[in-house]
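Enquirer: Chain by chain, the residues run as shown.
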Amino acid sequence: MEELILELKTKILEALKLQDMAPEDIDADAPLFKDGLGLDSIDALELMLLLEKNYGIKLKSPAEGKEIFKSVRTMAEYVSANRIK
Amino acid sequence: MKKTGHVLVASASGTVMLNGKTLEFGSRGSALLVDIYRRCVGDYPKFFKMDPLSRLGFVASELLLGEEKPRKQDCEDRAVVLFNRSASLADDLLYQETIQDPGNYYPSPAVFVYTLPNIVTGEIAIRNKYYGETAFYVFEDNDEEAFMAIVEQLFQDGTTTSAICGRVECEDAETFEAELFIVEK
Numbered sequence: 022m023e024e025l026i027l028e029l030k031t032k033i034l035e036a037l038k039l040q041d042m043a044p045e046d047i048d049a050d051a052p053l054f055k056d057g058l059g060l061d062s063i064d065a066l067e068l069m070l071l072l073e074k075n076y077g078i079k080l081k082s083p084a085e086g087k088e089i090f091k092s093v094r095t096m097a098e099y100v101s102a103n104r105i106k
Numbered sequence: 108m109k110k111t112g113h114v115l116v117a118s119a120s121g122t123v124m125l126n127g128k129t130l131e132f133g134s135r136g137s138a139l140l141v142d143i144y145r146r147c148v149g150d151y152p153k154f155f156k157m158d159p160l161s162r163l164g165f166v167a168s169e170l171l172l173g174e175e176k177p178r179k180q181d182c183e184d185r186a187v188v189l190f191n192r193s194a195s196l197a198d199d200l201l202y203q204e205t206i207q208d209p210g211n212y213y214p215s216p217a218v219f220v221y222t223l224p225n226i227v228t229g230e231i232a233i234r235n236k237y238y239g240e241t242a243f244y245v246f247e248d249n250d251e252e253a254f255m256a257i258v259e260q261l262f263q264d265g266t267t268t269s270a271i272c273g274r275v276e277c278e279d280a281e282t283f284e285a286e287l288f289i290v291e292k
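Protein chains in written order, with this note's numbering: chain P, 22 to 106; chain S, 108 to 292.
For reference, chain P alone in the conformation it holds in the complex:
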């Protein structure tokens, strides 16, 4: 799981163009939205795209991502359980 968390952190930084940050700057349990990384609604759509492109996971709606995108750890748990590639 820790390997997948690191992989996700790297992909998130790349997809969201967070060029001033390193993977170790992201707390795996911190909220991704609001207080944590301060992501916005467009970022949520990019995260959905990231899951589809890299792991073959297609979410039906942004609302579905609400629980999945709570933190990098919840993302990793979801990816681990649902990935098809």
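No wet-lab data here; the hints were simulated from the structure.
A virtual CB, placed ideally from N, CA and C, is assigned to each residue, including glycine.
There could be a bad hint or two in this list.
Okay, the calculated bits of chain S under chain P, using three or more residues with CB under 8 Å as the criterion [unchecked claim]:
1) 152–159
2) 239–250
In the BS3-like style, the derived pairs of lysine-lysine whose C-alpha atoms are separated by at most 25 Å in a straight line are [unchecked claim]:
3) S:LYS156 to P:LYS55
4) S:LYS153 to P:LYS38
5) P:LYS32 to S:LYS156
6) P:LYS91 to P:LYS32
7) S:LYS236 to P:LYS74
8) P:LYS91 to S:LYS156
9) S:LYS153 to P:LYS87
10) S:LYS156 to P:LYS38
11) P:LYS79 to S:LYS156
Since chain P is already given, all that's left is putting chain S on it; use the hints.
Expert: Just chain S, lined up with the frame of chain P:
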């Protein structure tokens, strides 16, 4: 109307001129914009999410406004009015790349939101809390006379007293030129 400041940022030569003085950054193309951001701004991470046109307009306006004493912010009487000839071509091309290959069809929302040239005027207004007029014009030629006529008309609205004006041209991420100035009524 009078012009009270001037900035030029050109990718090909790496030229950055601010109010008649040349600033040395030692880089060109997209790296030049990042270098200007890191040395002269540095506190606005959203810069990295912007498309090339918005990055260009943003750093050029930051240089210009950094010289304004006091820097005008949080107001309704300042407009942002820009023009170019290539609209949002640079970002349009980036977006096209994300949808070009049917076998790798992943349209990027973050790229899509910049496929309009007037987004750069909004980015500058948001940064500075300008609540006045914002507009972006696309001219076939570099017609500053026609542009200034538009700005003069803008000043007739009873609210606007100054404007960030000028040309922000961006053919692609590496090829761009911006020339901005502040105009006062």
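Enquirer: Of all the hints numbered above, which does this structure not satisfy? Sort the numbers upward.
Expert: 2 and 7
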